[in-house]
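Trainee: As a plain string of letters, each chain reads:
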Amino acid sequence: MTNVPVEGIAIPEVAHPEPQNNWRKYFSFSTDHKVIGIQYLVTSFVFFLIGGLLSMVIRAELITPQADLIDRTLYNSMFTMHGTIMIFLWIFPSLVGLANYLVPLMIGARDMAFPRLNAAAFWMVPVFGILLMTSYFLPAGTAQAGWWSYPPVSTQNPTDSVITGEFVWILAVAISGVSSIMGAVNFVTTIVRMRAPGMTFFRMPVYVWTVFSAQIIQLAALPALTAGAIMLLFDVAAGTAFFNPDKGGNPVLFQHFFWFYSHPAVYVMVLPIFGVFSEIFPVYSRKPLFGYRVVAVSSLLITTVSVLVWVHHMYASGTPGWMRMLFMATTMLVAVPTGIKVFAWVATIWKGKLRLNTPMLFCLGALIMFVFAGITGVMLASVPIDIHVNNTYFVVGHFHYIVYGTITMGMFAAIYHWFPKMTGRMYYEGLGKLHFALAFIGVNLNFFPMHPLGLQGMLRRVSSYEPEYAFWNVVASIGAFLLGMSTIPFILNMVGAWVQGKPAPDNPWRAIGLEWLVSSPPPVENFEELPVVVSGPYGYGKSDPLVENAAALKEG
Amino acid sequence: MDSSISTEKPDVAIAPHAAHAHEEDHAGNSMFGFIIFLLSESVIFLSFFAGYILVKTTTPNWLPPGVSGLEVSKPAINTVVLVASSFVAYFAERALKKENLLVFRLLWLLTMAMGAYFLVGQAIEWSELEFGFSDGVFGGLFYLLTGFHGLHVLTGILLMGIMLFKSFVPNNYAGGHTGVDATSLFWHFVDVIWIILFILIYIWQ
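Residue numbers (the working numbering), protein chains in the order written: chain A, 79 to 634; chain B, -3 to 201.
Bear in mind the hints are in silico, worked out from the structure with no lab data behind them.
In this text, all values refer to a predicted model and were calculated from it rather than measured experimentally.
Any given hint might turn out to be false.
[What the hints assert, rightly or not] Looking from chain A toward chain B, a few residues come up when the C-beta cut is under 10 Å (computed):
#: 1; residue: 192
#: 2; residue: 264
#: 3; residue: 272
#: 4; residue: 297
#: 5; residue: 298
#: 6; residue: 299
#: 7; residue: 312
#: 8; residue: 322
#: 9; residue: 326
#: 10; residue: 331
#: 11; residue: 515
#: 12; residue: 546
#: 13; residue: 547
#: 14; residue: 548
[What the hints assert, rightly or not] Covered stretches of chain B (in silico footprint by chain A; criterion: 3 or more residues with CB under 8 Å from a CB of chain A, positions within the stretch not fixed):
#: 15; stretch: 28 to 37
#: 16; stretch: 127 to 135
[As the list claims (entries may be wrong)] Quick list of the computed label-pair ranges, beta carbon to beta carbon:
#: 17; chain 1: A; residue 1: 235; chain 2: B; residue 2: 96; range: 51 to 61 Å
#: 18; chain 1: B; residue 1: 63; chain 2: A; residue 2: 316; range: 15 to 25 Å
#: 19; chain 1: B; residue 1: 96; chain 2: A; residue 2: 601; range: 39 to 49 Å
Yeah, the Cβ is synthetic: ideal placement off N, Cα and C, and Gly gets one too.
Let the sequences and hints guide you as you build the complete structure.
Mentor: Below you can see the structure in the form of structure tokens.
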């Protein structure tokens, strides 16, 4: 890699036309995967802001030991809605949006396999979100049983109303499930059957591998949650007794259904972010991804193992000892393919010519926090530690290092990295770095204190606590407000740059991948002529890829 | 800043003639998508079955009070009819492939009628049972499993109706018959699920 300049942002000094932006198309029933991708991203970000505001109220309540800001019923509904919105309306749809935008471009397809299905799957997201929000106007109030909705708490109905918050919650989550299955069918079909000529599986970017693996989990595990949700809905609305122990039902059965999906769902969320890391580290290090094949296949290994570990969420649910041991072993096994990835990223960065642009900073930050979350994850997989910290803030801390520290930060990295491709304009680097600094400090101030709090025994989902927990709670709340503030420079950056940012070249990062071959933003059908792929996706440092490709074409 | 950077292109080459060799196979995509959708559907049923086995093996008072068990003979006849309908659907599909539209329509109609017979049989069985949907966990699981399966049978009949209607549209099957293939596959799937369900609920009492 001697002939490739590495300093700064490499925007060639050539005139680029002002990108035309017809914003109305984003409000229409478009079947273009790129429009749908951006529809997903913007819609999910709006819900991210709503979920974030709810968390601000929660952290404001927890700044003092007494429950003095909101009553407990409202507090219960707030953490329930915060969790539900962040998981089902921010993380899932934003990841699907990114994949929608990128996958067809990366594999050399003109669109997804089923464009109308794709659009229908998107439009279910705002329907789901609005339905969920309407429960704030119900006489019975919103759901209050947390995002996991365990019976018997979730099946209690002290009001006379049949349409309870829980009822609406289950319906809304069911719509989200249908949308996810439609999306998964579309992604798997697209990746298996729509790749450009020459794009073998082992020439696909790792990002596509991770989306593929994640969507297989959706197909294999989400129906279990659907089954559980159907039964819970009947228990709530029709008086059945599937999970009611008084009439012979088994509440732990719901936990099995729930975690059979919701544990692998963590990998549905985090695998595409691993893909983002695998795309961004090589570009900003100017080095090929270390161990490409192993990294690619490790995604499928994670997929396989992920559906064999769900009982580790149920160590304290009366699970027999032998079963706990079995699931402790399988859970720790996940660390192997995950560890392979972490080592590959570190080896990719190692001795690379690093460019610390905003996407790289977000990725490095997210990787550090992922390693931390991985360590606490192995701790939680251990039965004795889990029994000690079960249902405490330790779990909340671990979980948020994954969902914010890794996934959300990784998502920001992806948005900054592909922003020039999506909009045809460059974002503002200074605002991006300010966003990163505030977010990185905010995440750690917010979520690190939860670990000592949990070890000391502070339970989660409470609005009041013993005064000895006050110090770390104040620190966590300050971190939360800082984290909330960090979103402001992001919004300013995205809106400002999209409206009047500097026009972006087709390939501002000098990245290697099919999506950088097309104009910014890409034309409607992506490629005027479908590309023929002749080598792998990470040829950084080669003397001249074009010469090598031409030679390969001649030979082949 | 180096102007040479703009020459670095992604690691691909363009072959102008390749596009023609890479026509999209829409029918193949649809069939592939439908198969993985069915695999996903089967996980819902497997989840219900797993739940059924778990609850049956761990609940002391499994059957509702006053209920001694389920009558097997009528559901057994229903099972035979449903399984036989799968073969009829298969021969209908073959007739269509040989472009024998008349035989296709007759056999397809017969499959629908056998499906309808199954549904009516199940409705009669439901009306005669002494326990309801909310009578303990057995009542719930029984109606949930048979009802959810029945919903699939009904969906299959509706899909077959649409395909039958489409067979009267001139030249509709000129470009292939993915819809009929997919419906037929769905029908076989519904049959296999019923066999497992029948063994689980009626035989293993």
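Trainee: For each hint, tell me whether it holds in the structure or not.
Mentor: Comparing the hints with the structure gives:
| no. | hint | verdict |
| --- | --- | --- |
| 1 | 192 | holds (6 Å) |
| 2 | 264 | holds (7 Å) |
| 3 | 272 | holds (7 Å) |
| 4 | 297 | holds (4 Å) |
| 5 | 298 | holds (6 Å) |
| 6 | 299 | holds (7 Å) |
| 7 | 312 | holds (7 Å) |
| 8 | 322 | holds (8 Å) |
| 9 | 326 | holds (4 Å) |
| 10 | 331 | holds (6 Å) |
| 11 | 515 | violated (26 Å) |
| 12 | 546 | violated (42 Å) |
| 13 | 547 | violated (39 Å) |
| 14 | 548 | violated (44 Å) |
| 15 | 28 to 37 | holds (count 7) |
| 16 | 127 to 135 | holds (count 6) |
| 17 | A:235 x B:96: 51 to 61 Å | holds (58 Å) |
| 18 | B:63 x A:316: 15 to 25 Å | holds (19 Å) |
| 19 | B:96 x A:601: 39 to 49 Å | holds (46 Å) |
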